[in-house]
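K.L.:
Sequence:
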Amino acid sequence: MSGQPGTKRVVVAAPEASADAAPESTLSRLETHFRTLDEGSLVRVAAAVEKARATETGAASDEQILTCLRPMLRSLRPVRVPTFQRALCVCLEPYLIDADSVGGARRAVVARSSLAPWWRLLMGSPYRPRLAAATAEYRNAVASERQDEIDAVVQFGRSIAAEATTTLLAEAAQSAVRKRELEVLLGSARAFEDAAEIARILGLDPLLTPWFDQIRAVCPRTADGRVHDFNPQGTVIAKNGYMHLHAADREVVDYYFHGLLRLLTQPWQSLRLVRLLSADLLRAGGDNAGLQMIPAKLFGDLTRTLAEIGRTAAGDRGMTRRVWLMTCARLISDAGAMVQGMAEEVREFGNAGWETMMVEARQKVTQAADQFASVAVRDAALVLPQREVREKLEVRLVPDMAHSPTDDEVSVAQAAATLFTACRKVAEKEGFDRSIRAKEADLEATFQTAITFRFEYLRARGKNKAVSAQLQALEKVLRSMPKTEPMLDLILKAERAIERFR
Numbered sequence: 001m002s003g004q005p006g007t008k009r010v011v012v013a014a015p016e017a018s019a020d021a022a023p024e025s026t027l028s029r030l031e032t033h034f035r036t037l038d039e040g041s042l043v044r045v046a047a048a049v050e051k052a053r054a055t056e057t058g059a060a061s062d063e064q065i066l067t068c069l070r071p072m073l074r075s076l077r078p079v080r081v082p083t084f085q086r087a088l089c090v091c092l093e094p095y096l097i098d099a100d101s102v103g104g105a106r107r108a109v110v111a112r113s114s115l116a117p118w119w120r121l122l123m124g125s126p127y128r129p130r131l132a133a134a135t136a137e138y139r140n141a142v143a144s145e146r147q148d149e150i151d152a153v154v155q156f157g158r159s160i161a162a163e164a165t166t167t168l169l170a171e172a173a174q175s176a177v178r179k180r181e182l183e184v185l186l187g188s189a190r191a192f193e194d195a196a197e198i199a200r201i202l203g204l205d206p207l208l209t210p211w212f213d214q215i216r217a218v219c220p221r222t223a224d225g226r227v228h229d230f231n232p233q234g235t236v237i238a239k240n241g242y243m244h245l246h247a248a249d250r251e252v253v254d255y256y257f258h259g260l261l262r263l264l265t266q267p268w269q270s271l272r273l274v275r276l277l278s279a280d281l282l283r284a285g286g287d288n289a290g291l292q293m294i295p296a297k298l299f300g301d302l303t304r305t306l307a308e309i310g311r312t313a314a315g316d317r318g319m320t321r322r323v324w325l326m327t328c329a330r331l332i333s334d335a336g337a338m339v340q341g342m343a344e345e346v347r348e349f350g351n352a353g354w355e356t357m358m359v360e361a362r363q364k365v366t367q368a369a370d371q372f373a374s375v376a377v378r379d380a381a382l383v384l385p386q387r388e389v390r391e392k393l394e395v396r397l398v399p400d401m402a403h404s405p406t407d408d409e410v411s412v413a414q415a416a417a418t419l420f421t422a423c424r425k426v427a428e429k430e431g432f433d434r435s436i437r438a439k440e441a442d443l444e445a446t447f448q449t450a451i452t453f454r455f456e457y458l459r460a461r462g463k464n465k466a467v468s469a470q471l472q473a474l475e476k477v478l479r480s481m482p483k484t485e486p487m488l489d490l491i492l493k494a495e496r497a498i499e500r501f502r
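Everything in the sequence shown is counted per my numbering, starting at 1 for the first residue and increasing by one.
None of these hints come from the bench; they were simulated from the model.
Remember, predicted model here, so these are calculated numbers, not experimental data.
You can trust all of the hints, since none of them are fake.
Each computed DMTMM-like pair below joins lysine to aspartate or glutamate, with the alpha-carbon atoms no more than 25 Å apart: (1) Lys465 to Glu409; (2) Lys483 to Glu499; (3) Lys439 to Asp489; (4) Lys429 to Glu485; (5) Lys239 to Asp229; (6) Lys425 to Glu444; (7) Lys465 to Asp408; (8) Lys476 to Glu499; (9) Lys439 to Glu485.
If you anchor each label on the Cβ, the simulated ranges turn out as follows: (10) Ser125 to Val177: 16 to 24 Å; (11) Met123 to Val389: 45 to 53 Å; (12) Ala247 to Val90: 21 to 29 Å; (13) Lys392 to Thr67: 50 to 58 Å.
Backbone N, C-alpha and C define an ideal beta-carbon position, used for all residues, glycine too.
From just these sequences and the hints, can you work out the full model?
P.N.:
Laid out in structure tokens, this is it:
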């Protein structure tokens, strides 16, 4: 029975403070009182305050009380009662990133910081009365605890928000001046693009969220609600969702995979999912060439999605650059195995339609391997730091002999070498290794020049900790590269230089 008295204490705690007491001291005493409550009482207090905030106009004290409660509620993770605005934005969660350090338009990626200015835009638009009416309906539904009505109102609110955003941005796009004014109002051009992406996601929500909810319901989840791993039931639902959405609209598939990957605890599971899906779809399509086409399209969809995530890796809380590179390496290896399995199916049950499927699959694998190999060549050189030197009107890059590669730089470069090795293996098996060989020759020349330059630098100036660290890092990267004769020779050369100036 401590819940109700606890709630009453929350209400009377603020008046007990003296008139000249600082707000911080009042909140501090309130937080101290909350720490004396048991877990059940804390949950009931939070639910009562959140329900009041969701069903009434909302007072500043509600947010202050919740601010005191949040640190204690993080470990409890109770069922929350969101405001109308928060309920509308739940479907955006899989697409949000916490930082936005990468410019340019990106599909299915929204900076979390763009949500507040977007909502302010709607509240200052002619659509405010419609959203206000939906907010009132939501409050009534929450107050009466009618979940079906709550869901219906939220979905209706999302449709209004999507329509409003699309209309406002379209009107602004007709005039450069108006568009610039709207960008200033939102805070940046990036926020303008994010608002357009928010509208797309809200519009696609009726297609996407039901599949995500089904997957969450059957798969094991972590405490924060993310999918821990895919079980057979989850794989079947993911497969059905892919087939349904791919048939309806190919563009939707990009958003489906973005959301699906960000539901996962970590990106390696996406690889397990694509292996399970491709194998399942191949078995399911025994007499149906249309189904047999899906694995190639599936790989293409996932490749585009991973590439997009890679371009935003610096601002993505779910995938670091190293993990993305290793993920791509596994994906390329799986793609090669998938194409080989499909080739066996074609030989055994082949027809003209399946031959077309194989051509499409090989083209996608070729394109992905070539693109990923180019990325790997660039990132493998991270252990060879450079600095800018300005000479009159020109800026040149020269080796930075004072910088020791960090552990993160070494791990990223090693992951890049692993990705390059995976691309080379697939290229050899599929017979399109000419482009990869050219990139490999460039890498060999770069590493050869780097080792020679640093060896001569040490011989001329004596021991140097930073330069020795660069050679040691480069030697680690070389060991992750393809085991060709030129690469093995470079490893020996690097080892000799390291040993001589140790």
